[in-house]
Amino acid sequence: ILNVEQSPQSLHVQEGDSTNFTCSFPSSNFYALHWYRWETAKSPEALFVMTLNGDEKKKGRISATLNTKEGYSYLYIKGSQPEDSATYLCAPSGGTSYGKLTFGQGTILTVHP
Amino acid sequence: DSGVTQTPKHLITATGQRVTLRCSPRSGDLSVYWYQQSLDQGLQFLIHYYNGEERAKGNILERFSAQQFPDLHSELNLSSLELGDSALYFCASSVNSGGASETQYFGPGTRLLVL
Numbered sequence: 001i002l003n004v005e006q007s008p009q010s011l012h013v014q015e016g017d018s019t020n021f022t023c024s025f026p027s028s029n030f031y032a033l034h035w036y037r038w039e040t041a042k043s044p045e046a047l048f049v050m051t052l053n054g055d056e057k058k059k060g061r062i063s064a065t066l067n068t069k070e071g072y073s074y075l076y077i078k079g080s081q082p083e084d085s086a087t088y089l090c091a092p093s094g095g096t097s098y099g100k101l102t103f104g105q106g107t108i109l110t111v112h113p
Numbered sequence: 001d002s003g004v005t006q007t008p009k010h011l012i013t014a015t016g017q018r019v020t021l022r023c024s025p026r027s028g029d030l031s032v033y034w035y036q037q038s039l040d041q042g043l044q045f046l047i048h049y050y051n052g053e054e055r056a057k058g059n060i061l062e063r064f065s066a067q068q069f070p071d072l073h074s075e076l077n078l079s080s081l082e083l084g085d086s087a088l089y090f091c092a093s094s095v096n097s098g099g100a101s102e103t104q105y106f107g108p109g110t111r112l113l114v115l
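Chains G and L, in that order, are what the protein sequence lines are. Everything in the first sequence is counted per our numbering, starting at 1 for the first residue and increasing by one. Everything in the second sequence is counted per our numbering, starting at 1 for the first residue and increasing by one.
Treat the hints as calculated values from the structure; they're not laboratory data. One thing to keep in mind: the hints can contain errors.
What the hints assert, rightly or not - List of simulated lysine-lysine pairs, DSS-like, C-alpha gap at most 27 Å:
1. L/57 <-> G/42
2. L/9 <-> G/42
3. G/69 <-> G/42
Sequences are here, hints too, so could you generate the full structure?
In structure tokens:
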């Protein structure tokens, strides 16, 4: 069973602030790390899939980095906007779990205008 | 809109009953996954089907079963329902056999309430 931890549990920022949060996972048996954004009353939306140590992905104002050796990934949002308010989920996959995603509890981001 | 469809959107039923949730994957996707989101738990993997065959199983109760049909749509059957089965059930799909780096696209979910 993969133990996935996300911190902080929730975050309140002002519009325009930059923010970041962490996903920690066991580094053994790792193959890929998925990030999702889940807005209220919608379904989880895929942001990134990362596989290589040191990998960095970017989508607009959102970027993510990956450290597979120490088992963590950071998600950054630059210049947060109210529409960024959502729960951000990470899910490692790999090894015997193959395509099964083991989700963390998520970080709830609220961006205040 | 991910292209994954789920029906019904909401379902209210009584304890002891049986329900069927339906999922149609994105056009061309061969894999279907089922996840459960209950109040006190995160998003939990239930089961994965690839091209009609069961590929992986999570902590799925024996009262629950699933199948994927030749047209690739999938159904999740929940029987002898208990209050604790009340949850949001998501279906996701991916292009191929579910490799670890394959993106899963989530449907809108079915909200089940067991009274």
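A quick look at each hint next to the structure:
no.	hint	verdict
1	L/57 <-> G/42	holds (25 Å)
2	L/9 <-> G/42	holds (12 Å)
3	G/69 <-> G/42	violated (34 Å)
Hint compliance for this structure: hint 3 is the single one not met.
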